[in-house]
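So you can see what is in the structure, the chains are spelled out below.
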Amino acid sequence: MVDILRVIHERGKARPTHILYGANLSHDRLKKYLKELETNGLIVKENMRNYVVYRLTSKGYKLLKEYDKIRKFAEAFGIEL
Amino acid sequence: MVYRYLGLADLTSGIIALVVSFFAYKCYTTINDRRFLLLELSFLVMGLGMGMRGFSLIIASKRTLHILMTCILIEAIARIVSYIILAVAYTMQLMSSRTMLIGIYLLRIFILDPIVDTIAIFLLSYVVFNIGMTLFKGRSKLTLIVFIAFFLLTLSHMFSIIGHYIPSLFYVTLSYLTQLSSFILLLIMLLRVG
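As they're listed, the protein sequences go chains A and B. If you're matching positions, the first sequence starts at 0 in numbering that gives the first Met the number 0 and goes up one per residue. If you're matching positions, the second sequence starts at 0 in numbering that gives the first Met the number 0 and goes up one per residue.
The hints are simulated quantities; they were obtained by calculation from the structure and are not laboratory data. The structure presented is a predicted model; accordingly, all values stated were derived computationally and were not measured. Treat the hints loosely; a few may be bogus.
[As the list claims (entries may be wrong)] Chain A is faced by these chain B residues, among others (derived, beta-carbon under 8 Å):
1. Thr-28
2. Thr-29
3. Thr-63
4. Leu-64
5. Phe-135
6. Leu-141
7. Thr-142
8. Val-145
Built from N, CA and C at the ideal position, the CB exists for glycine as well.
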């Protein structure tokens, strides 16, 4: 799920296809995770003309930052996430 | 008078250990990985032990001698328990009650022996070796800082052993200062993490 947040963050806003390839997920898993992230208020869905895009919310951005700190901390102690 | 400064060094190291423990706890609550819980427990026990010994050294007098002796004993137990937990974390196993019982049993055998430092060196060497392997793979600066910190902690126990056999305050002071440097490095790591 963090990979999904990272892909969206890197692109600013991302279409499901981009997230699918960026996070290396199956279609079913992607759908499940996107719904979960949306329910938890970490991402928002925006309907464009012919497609949808996802954007990070401030809560999602905060979580991504927090996870980055955890990753660095774990790396320092030689813990692989 | 020197003991008050050593106590202050101990107290500072203890506070830093508690900060590391708090950060590990935050990591555990965020991603629910038990290895962080073990890290948190290890530094919590270590920090409380050092804090108590530091405080008892600061207030040390003839009247409080029994408190000092108790705190030194508690710190020795806490130190070994924390290193055992740390070693368990690095074997990536879940801490079972059986592991803890074995740890406590071993402590009952060894705690009254000055060989406590030797056990600490053995456990820390295991941790240093594990971090060293990660460092060899990844070459990250943060891992290097933690590697040096744990290496210094091992060194502090070596100086402590020398202090047992050569009755000189020099080695005791060196042991405390190496320990303090080790925890300052951990603090630097935390600051770099953010």
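If you check each hint against the structure, which ones fail? 1, 3, 4, 5
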